[in-house]
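Trainee: Now for the letters of each chain:
2 protein chains.
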Amino acid sequence: MRLSRFHLHTTKETPADAELVSHKLMLRAGMIRKLAAGLYTWSPLGLRVLRKVERIVREEMDRAGAIELQLPTIQPRELWEETGRWEKFGGQLLKIRDRKEAEYCFSPTAEEAITDYARQELSSYKQLPVNFYQIHTKFRDEIRPRFGVMRAREFLMKDAYSFHVNDADLVREYENMKAAYTRIFTRLGLQFRAVQADSGAIGGDASQEFHVLADSGEDAIAFSTGSDYAANVEAAVAAGPGPRPAPAEELRRVQTPTQKTCEEVAALLGIPLSRTVKSVAVIAGDGSFVLALVRGDHAVNEIKLGKVPGVGEYRMAGEAEILEHLGCEPGFLGPLGPRKPVRVVADREVAALADFVIGANEPGFHLTGVNWGRDLPEPDAVADIRNVVEGDRAIDGGRIRLARGIEVGHVFQLGRKYSQAMGFTVLDENGKAVVPTMGCYGIGVSRIVAAAIEQNHDQAGIIWPEPMAPWTVAICVINPKKDPKVDEAAESLLQELKTAGVDAVLDDRGLRPGAMFADIELIGIPHRVVVSERGLAAGTFEYRARRASESEALDRAQLLQHLGVA
Amino acid sequence: MRLSRFHLHTTKETPADAELVSHKLMLRAGMIRKLAAGLYTWSPLGLRVLRKVERIVREEMDRAGAIELQLPTIQPRELWEETGRWEKFGGQLLKIRDRKEAEYCFSPTAEEAITDYARQELSSYKQLPVNFYQIHTKFRDEIRPRFGVMRAREFLMKDAYSFHVNDADLVREYENMKAAYTRIFTRLGLQFRAVQADSGAIGGDASQEFHVLADSGEDAIAFSTGSDYAANVEAAVAAGPGPRPAPAEELRRVQTPTQKTCEEVAALLGIPLSRTVKSVAVIAGDGSFVLALVRGDHAVNEIKLGKVPGVGEYRMAGEAEILEHLGCEPGFLGPLGPRKPVRVVADREVAALADFVIGANEPGFHLTGVNWGRDLPEPDAVADIRNVVEGDRAIDGGRIRLARGIEVGHVFQLGRKYSQAMGFTVLDENGKAVVPTMGCYGIGVSRIVAAAIEQNHDQAGIIWPEPMAPWTVAICVINPKKDPKVDEAAESLLQELKTAGVDAVLDDRGLRPGAMFADIELIGIPHRVVVSERGLAAGTFEYRARRASESEALDRAQLLQHLGVA
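Protein sequence lines correspond, in order, to chains A and B.
Residue numbering for the first sequence follows the numbering used here, starting at 1 and increasing by one per position.
Residue numbering for the second sequence follows the numbering used here, starting at 1 and increasing by one per position.
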């Protein structure tokens with residue numbers, strides 16, 4: 001490819017309405033252009049990157065045994081009524097009336113359409129398991145489309161759906177897809193984590209998200225240095241504490257006149273924050289009063305607390321309720337000597353403390369040297385009810401690290417939700433009609449492009465991982481069409497790289513070197529080779545890796561070695 | 001690929017609602033499944049074919065220097081208002097309101113979107129010429145979707161748009177695209193013609209359609225045996241006649257009491273139909289009475305007659321008007337001795353006749369031995385005003401043949417219609433703002449699949465041209481998993497073909513031979529190889545080409561030669 005025959009159109013100005021660095025750089029590199037809110041044209045440059053991602057996704061899905069097909073983007077209302085999602089999907093579902101007033105939607109996902117296909121096609125257990133996928137345009141009518149293709153309304157998605165006669169086989173395929181996803185993101189050259197997500201509202205039995213790590217990511221995730229364990233911060237767990245030490249201090253009532261927070265109390269007493277205990281008063285789902293205890297340096301995790309038996313869907317207690325049960329106003333609360341009986345739920349770390357500090361249930365006072373069993377009855381319940389923090393010991397022996405991530409893939413065990421609702425059955429080995437169980441597996445193909453930039457960029461522009469780069473090598477010609485030897489050397493290098501399977505581009509546009517190099521850096525080409533009269537005279541090419549700060553003068557053999565060509 | 005790991009689902013029943021053979025066979029082969037009216041899922045089998053067509057289209061567009069990008073399918077009303085097509089496009093434009101009540105359409109074509117992209121990207125003549133293309137989903141809200149993917153509402157189209165500073169350069173690119181299209185349809189292995197179409201309502205300056213020849217085609221086309229000349233029957237021209245012979249007969253008035261048609265008159269007189277002349281009375285655009293003359297074996301071509309100077313948008317004359325001008329009722333009309341002056345427009349073939357037959361303008365009588373100059377004044381105008389017929393001499397010296405075609409591609413010189421309406425200018429060499437001229441070039445990628453079947457099928461099913469076949473070779477295993485030698489021989493053949501770049505599939509489903517062969521024939525695989533215990537014992541494979549009626553027993557070397565592997 002020669003840039004003089006391509007359409008490259010970069011700009012120096014940073015677009016005013018772009019917030020994310022990937023959005024800014026994609027606009028500046030001319031990879032995308034906005035047609036309307038949340039609708040982007042993929043330019044020739046952008047499309048090259050998108051297609052490289054698409055190809056890797058396709059190759060690995062095929063390798064994993066999934067079978068590609070293509071469903072219509074426009075799907076009839078009747079189908080979405082069968083699962084109740086015509087109403088339940090909400091405002092993101094773009095609803096359409098055709099010229100005959102029949103109602104349709106633009107597919108934001110395709111569980112209904114694939115289950116309709118499956119119930120036409122599959123009638124016997126012999127045809128299962130099967131995993132159908134497509135890489136196709138999707139539309140979600142985001143109420144506030146922004147961040148460029150990171151949250152566009154029209155986007156490219158890989159969606160796969162598997163069908164199984166039993167749950168064990170679904171779990172097998174789910175693991176197979178997780179392995180395929182791991183290969184995909186590894187091949188793309190991205191730093192990522194497969195994150196355990198609380199399946200929550202998805203309606204499935206198990207799910208995992210794949211996140212590209214980037215400081216600008218919307219999601220906080222925790223991962224371990226000891227294995228590939230990773231989870232949304234909300235769902236992450238750390239290793240439990242060691243055994244509780246024996247008591248060493250006496251119980252004491254100390255004055256803390258204005259010290260209401262653990263931080264203030266610890267500072268006043270000159271003790272570590274981790275020795276203090278925070279008492280959080282909540283009203284459990286059954287209306288009972290619960291005191292949840294976490295260490296002063298920890299925070300209550302709402303999802304975990306809600307899962308403790310007898311807590312359920314709780315709410316924070318009001319001041320009157322607190323006064324009624326503990327006889328004290330917030331700031332000096334504690335589990336010792338409540339006015340009315342309260343249930344005490346202690347985080348595992350709190351249950352493992354000795355000689356700790358709690359509020360005295362008396363304004364202006366805390367208690368120090370508190371010990372379970374001696375001063376206080378053992379807690380009514382001990383559970384993991386806190387968020388993990390940076391440095392926690394992980395269950396695999398490693399350390400917990402916190403990071404931010406961009407969700408680019410997810411795998412779900414859907415179960416029988418859709419097959420049941422749509423009356424899809426197959427005959428099993430005994431000739432009995434059974435409802436197949438399903439998995440679904442998505443990858444945001446166009447979003448990956450933006451996420452890769454969030455993870456890989458510098459002041460000069462994008463730094464593509466090689467497998468996603470529009471071209472792997474840029475051959476920059478200084479003063480093309482001046483000295484034929486220069487043009488010939490550049491052309492010959494291009495052909496040699498092409499023959500070796502290296503995707504190279506020749507910049508023969510005749511720009512001044514500074515402008516040319518700025519373009520090549522902005523669009524993130526991993527390897528830059530400069531061909532000049534002066535260099536040729538010395539028998540060298542000027543080589544520079546995108547991440548390097550200096551160029552090197554290399555002869556042809558050295559250069560080819562640097563570019564991975566034998 | 002092994003069929004046991006693929007999803008193949010054929011049926012014997014011919015679907016009730018399918019009329020075209022391609023629609024029937026695509027359903028029976030399980031290539032497509034209907035989701036709703038005009039909306040089809042492409043099954044794994046169908047998608048393999050679609051992708052092969054897509055790949056050839058892409059490769060040839062790239063080779064021709066066009067640059068791929070991708071425009072959104074959903075496009076804002078404002079853009080379509082700029083060209084007036086929001087209203088003018090008609091009912092096929094699927095209009096959509098989003099959650100904020102903003103209006104959009106699903107792109108049925110993309111002149112507006114590409115011109116919007118171009119006016120953001122292109123500002124100088126230096127960036128021109130450029131030809132952008134995409135291969136992307138389109139939607140046309142057909143009032144009566146039918147014929148499967150032949151006239152689906154959602155379909156896959158390759159659409160290209162070129163921009164030029166002057167008309168000569170547009171013509172150059174137009175010819176370049178025609179050459180690319182010729183390569184595409186040639187590579188696909190289809191019989192096709194590039195047909196001159198009357199550009200008519202398209203609003204451009206020149207256009208050509210590419211038709212796949214098939215008896216079921218909607219369009220009648222004429223082509224020459226002497227060159228690649230082809231045209232819609234309406235637009236086709238034949239070579240002009242030779243010189244007019246000298247008169248040999250006397251003018252005679254003959255009785256034709258009930259003979260009103262040329263056929264009846266020729267039969268009565270025992271002369272060739274081509275010696276009779278039909279007089280068609282019309283009222284020209286300017287209100288004057290015109291007698292159009294064509295040979296008895298020819299038919300008036302309305303478009304050509306309308307283009308004769310002084311005729312214009314004409315209508316057929318009424319009986320009263322005919323009586324007023326010719327003094328006779330229809331059936332015996334002729335150009336000799338009208339009651340009032342009439343303009344005579346003779347087809348070229350009529351002007352070249354001697355001793356011909358016309359109506360006498362007297363009920364029950366015709367005139368024979370009529371000659372121009374002697375009996376009649378020379379015609380007021382001589383022009384090509386007839387439809388071509390099978391066997392006509394073509395302008396290239398060949399013969400005209402008639403056929404039916406399915407339109408699968410078109411190339412248009414659009415001119416400045418869209419660029420003008422959307423205010424798109426670039427600076428020319430002198431720094432002056434000029435409106436670029438445009439070409440547009442479409443290919444119905446999904447329609448090609450159906451058209452290929454219309455052209456290539458038999459009682460047993462589809463007969464794919466090799467480049468479009470889902471697989472080129474099917475290796476059919478008789479009784480798989482019974483004799484390991486059979487499985488090994490099949491697997492080894494599969495691997496050898498794969499290594500040689502042949503796209504082969506192994507049918508290891510374990511069907512009975514009859515059912516297996518029926519499937520392989522139905523889905524149109526060009527080459528079938530049977531691997532059986534008996535064959536291996538004899539050292540042979542049973543080979544059969546899809547179009548052949550007999551199988552051959554070949555040894556491995558012969559087989560590989562048949563399959564094009566050295």
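None of these hints come from the bench; they were simulated from the model.
Among these hints, one or two may not hold up.
Pairs of lysine to any residue, SDA-like flavour, derived with a Cα cap of 25 Å [unchecked claim]:
no.: 1; chain 1: B; residue 1: Lys498; chain 2: B; residue 2: Arg2
no.: 2; chain 1: A; residue 1: Lys88; chain 2: B; residue 2: Lys95
no.: 3; chain 1: A; residue 1: Lys100; chain 2: B; residue 2: Lys498
no.: 4; chain 1: B; residue 1: Lys12; chain 2: B; residue 2: Lys498
no.: 5; chain 1: A; residue 1: Lys12; chain 2: B; residue 2: Gln127
no.: 6; chain 1: A; residue 1: Lys88; chain 2: A; residue 2: Lys12
no.: 7; chain 1: A; residue 1: Lys260; chain 2: A; residue 2: Trp372
no.: 8; chain 1: B; residue 1: Lys52; chain 2: B; residue 2: Leu20
no.: 9; chain 1: B; residue 1: Lys24; chain 2: B; residue 2: Ala37
no.: 10; chain 1: B; residue 1: Lys307; chain 2: B; residue 2: Ala352
no.: 11; chain 1: B; residue 1: Lys100; chain 2: A; residue 2: Trp86
no.: 12; chain 1: B; residue 1: Lys52; chain 2: A; residue 2: Trp372
no.: 13; chain 1: B; residue 1: Lys34; chain 2: A; residue 2: Glu81
no.: 14; chain 1: B; residue 1: Lys34; chain 2: A; residue 2: Trp372
no.: 15; chain 1: B; residue 1: Lys52; chain 2: A; residue 2: His136
no.: 16; chain 1: B; residue 1: Lys34; chain 2: A; residue 2: Pro108
no.: 17; chain 1: A; residue 1: Lys12; chain 2: B; residue 2: Ala383
no.: 18; chain 1: A; residue 1: Lys126; chain 2: B; residue 2: Leu511
no.: 19; chain 1: B; residue 1: Lys340; chain 2: B; residue 2: Gly398
Trainee: Does each hint fit the structure? Answer for all of them.
Mentor: Checked hints:
Taken as a hint, the B/Lys498 and B/Arg2 pair is honoured in the structure, with Cα atoms around 12 Å apart against an allowance of 25 Å. Between A/Lys88 and B/Lys95 the alpha-carbon distance is near 24 Å, which keeps this suggested pair within the 25 Å criterion. About 49 Å separates the Cα atoms of A/Lys100 and B/Lys498, which puts this hinted pair outside 25 Å; it is violated. A hinted pair counts as satisfied when its Cα atoms are at most 25 Å apart, and B/Lys12 with B/Lys498 does not qualify at roughly 31 Å.
With a C-alpha separation of about 18 Å, the suggested pairing of A/Lys12 with B/Gln127 holds against the 25 Å cut-off. Our distance criterion of 25 Å between C-alpha atoms is broken by A/Lys88 and A/Lys12, whose separation comes to about 45 Å. Restraint check for A/Lys260 and A/Trp372: satisfied, since their Cα atoms lie roughly 22 Å apart, inside the 25 Å limit. Between the alpha carbons of B/Lys52 and B/Leu20 the distance comes to roughly 23 Å, so the proposed pair stays at or under 25 Å and holds.
About 16 Å separates the Cα atoms of B/Lys24 and B/Ala37, which keeps this hinted pair within 25 Å; it holds. Of the supplied pair hints, the one linking B/Lys307 and B/Ala352 holds, its CA atoms being roughly 21 Å apart against a limit of 25 Å. Straight-line distance between C-alpha atoms of B/Lys100 and A/Trp86 comes to about 18 Å, which keeps the hinted pair within the 25 Å bound. Distance check on the hinted pair: B/Lys52 and A/Trp372 sit about 73 Å apart at the alpha-carbon level, beyond 25 Å; violated.
With a C-alpha separation of about 18 Å, the suggested pairing of B/Lys34 with A/Glu81 holds against the 25 Å cut-off. Under the criterion of a C-alpha separation no larger than 25 Å, the hint pairing B/Lys34 with A/Trp372 is inconsistent with the structure, at around 69 Å. For the proposed pair B/Lys52 and A/His136, the alpha carbon gap of about 17 Å is at most 25 Å, so the pair holds. Distance hint between B/Lys34 and A/Pro108 is fulfilled; the C-alpha atoms sit about 19 Å from each other, no more than 25 Å.
Restraint check for A/Lys12 and B/Ala383: not satisfied, since their Cα atoms lie roughly 62 Å apart, outside the 25 Å limit. Between A/Lys126 and B/Leu511 the alpha-carbon distance is near 13 Å, which keeps this suggested pair within the 25 Å criterion. With a C-alpha separation of about 43 Å, the suggested pair B/Lys340 and B/Gly398 falls outside the 25 Å cut-off, and the hint is violated.
Comparing the model with each numbered hint stated earlier shows that hints 3, 4, 6, 12, 14, 17 and 19 do not hold.
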